[in-house]
Amino acid sequence: MPLDILAQIAIGGVLIGGLYALFAFGLSLIYGVARILNFSHGTLLAIAGVLASILYGALGASPLALVAIITGLALAFFLFGWGFHDLLLAPLKRRNHFEASVGTVLTTVGALIVIGDVAATLAGPRPRNIPLRSDVIEIGDVLIPVSQAWMLAGIALLTVVLQLVLTRSWYGRAVRAVTQDHVGATICGVRSRAIHGITFGLGTALAAIAGVLYAMVYPVDPYTGFSLTVKAFTIIVLGGIGNLVGALAAGLFLGVAEAFTAFFWAPEWAPALSITLLLIILVAFPNGFGNTRKA
Amino acid sequence: MLSLDRIVVDHGKMRAIWDVSLDIQVGEKVGLLGANGAGKTTTLGAIQGLYPPQSGAITFDGQPIAGRPPAENVAQGIALVPEGRRLFPEMTVRENLEMGAYLRHARSDLRRTLEHILELFPILREKAGQHAGELSGGQQQMVAIGRALMSKPRLLLLDEPFLGVAPLVIYDVMDALRRVAESGVTILLVEQNIHRALDFVDRAYVIENGRNAFDGTRERLLGDPEFGAKFLGLD
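Read top to bottom, the protein sequences are chains A and B. Taking the working numbering, the leading residue of the first sequence gets 1085, the next gets one more, and so forth. Taking the working numbering, the leading residue of the second sequence gets 3, the next gets one more, and so forth.
It is possible that part of the hints are untrue.
As the list claims (entries may be wrong) - Pair by pair, the computed Cβ-Cβ distance ranges are:
| no. | chain 1 | residue 1 | chain 2 | residue 2 | range |
| --- | --- | --- | --- | --- | --- |
| 1 | B | E184 | A | V1314 | 58 to 66 Å |
| 2 | B | G235 | A | E1183 | 40 to 48 Å |
| 3 | A | V1367 | B | R220 | 53 to 61 Å |
| 4 | A | R1119 | B | E117 | 46 to 54 Å |
| 5 | B | R222 | A | R1178 | 42 to 50 Å |
| 6 | A | L1206 | B | R8 | 58 to 66 Å |
No lab work stands behind these hints: they were computed from the structure. Positions of the beta carbon are idealized from the N, C-alpha and C atoms, including for glycine.
The task is simple: from the sequences and hints, build the whole structure.
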């Protein structure tokens, strides 16, 4: 096996893994703060990808258009996520524990079905992507498509921004505080309703940005989403809730593992890998790898 | 400064507090004593706004505050050192303390308040960069007290601040709390160890099964044979 081919596969795996990580971290933020498992997270990514593909064609296929699309969709999905939480999910919290947990699952699974169907009806069920110019960068014998290089730049930039927000801003500290001990955060004066809504919005915006980056490299259709949600669950179980570094490590691991599975075996088996990994982790490491410290 | 008038608090379908009243003046150190499950923690939670009472009135600075959100009470000068400390284990000691100044009124003075707390608990200066989850019980308790003080409270609610603290360190913590009280902060202390509590407070309320049972100064309580029989094991 020539080394350059292995390197090529590994780079592809790292790219998709970084994207998974970013996307999974949105889910992780939402779960950590609001304790809601958002089953529609992957569908939102897919819809953002479809919308970005349509807008890219409509806005004249320039790099500037792409920046405008990312900004616009991130903002729109932020508001959508916030509204979705405050209108449909927050009222459930006033019910008893059982009704609240089943209710949130029903609401987010319902949203996944409705959003997917509405998008398929309006935009058509066929896969779409963002057709960037297919130039390649050559590093020795390894070829990297420019689209993938942009994707990598986008992931790296967002990771740095997220890390700064989480450690330097009052909002970010409140998010970490609520995730680690919500009673402790409440008595510091963190208002849970507001922080839940904003964080749901932020997580949704992350899914939207990941969707645009995803559509730059892979085709998406309105029904792509659920397998991505499963991958995101795997990553947050592996990397720990609210842990950005853990999500990155787990995402990269999953991405590279999938890339090699697809190459050495068959691409159809790559999605099954995440579920198998998830089951193995749950059975073999019931306490997870993250969150080793307890107060 | 603070008064509770016949409050009733339920946890779901369970009634935790049936009828509790108390009055605290500015600058006092008051104890809230009683056995396990008597309703001490719930009373503090009701004052802070964590458990809105079903009925009864809570008044702070002449304003009715029953059922007001916790953030509002923190902003008005009430801070809680909760049962079990409730720190953020994977945030540093400094970050934990700074979270106490989360609300706008405390942020502007953050540097000065933090310096004041590091003088009160010098050991925390050495540990400032460590995760709170790595500290000993006593040090964690110091962080919990420090975090509450970061919001610049006028009324400090302490829920068993000596639990899980090494015996020698208890004196340090108590000493620090005395200095906090001397600086003008009013204190309501929940404690199971009656002797230790009466050593610290000016007077105390004793509750039993969610109802007022005894109250009075240290001398009066210690001189009351019924109180002695019930809580000090005296015949």
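Can you give the numbers of the hints that this structure goes against, from lowest to highest? Number 4 - this is the single hint that the structure violates.
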